[in-house]
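Asks: Sequence:
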Amino acid sequence: MTVRYEADGGRATITIDDPERRNPLSVEVMDELVEATRRAVDDPEVRVIVYTGAGDRAFSAGGDLSGSFVDDPVGLHRARGKLADLFRLMLRGGKPTVA
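Quick note on numbering: the sequence shown equals residues 1 to 99 in the working numbering.
Since the hints were derived computationally from the structure, they do not count as laboratory data. Fair warning: there could be bad hints in the mix.
[As the list claims (entries may be wrong)] Capping the alpha-carbon separation at 25 Å, the derived lysine to any residue pairs in SDA-like fashion look like this: (1) Lys95 <-> Arg21; (2) Lys95 <-> Tyr5; (3) Lys95 <-> Asp43; (4) Lys95 <-> Ser66; (5) Lys95 <-> Arg38; (6) Lys95 <-> Thr15; (7) Lys95 <-> Ala54; (8) Lys95 <-> Val48.
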């Protein structure tokens with residue numbers, strides 16, 4: 001699992017955990033981010049959601065260009081859809097988010 005979820009004291013911390021590669025966003029990572037965000041949104045104890053990137057080099061390098069979706073238009077469309085799902089959850093989840 002590349003995304004870690006921790007909830008404590010009203011705060012959910014969601015961490016992209018691949019510091020050697022600067023925490024790139026693959027389709028799988030986006031799936032995990034959506035799942036973790038949904039978990040935080042659904043938890044009545046969580047009042048704020050904090051997104052972090054592991055390591056000290058980068059929060060995230062952005063899209064994982066080594067991923068299979070790079071040369072696949074259908075995969076690229078799916079990746080964009082996952083990112084849209086994540087942003088939608090962040091906007092409509094009703095909880096402040098910090099990155």
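Asks: Each hint: holds or not?
Replies: Hint by hint, here is what the structure shows:
no.	hint	in the structure
1	Lys95 <-> Arg21	30 Å, violated
2	Lys95 <-> Tyr5	16 Å, holds
3	Lys95 <-> Asp43	11 Å, holds
4	Lys95 <-> Ser66	33 Å, violated
5	Lys95 <-> Arg38	11 Å, holds
6	Lys95 <-> Thr15	17 Å, holds
7	Lys95 <-> Ala54	23 Å, holds
8	Lys95 <-> Val48	6 Å, holds
Hint compliance for this structure: hints 1, 4 are broken, all remaining hints hold.
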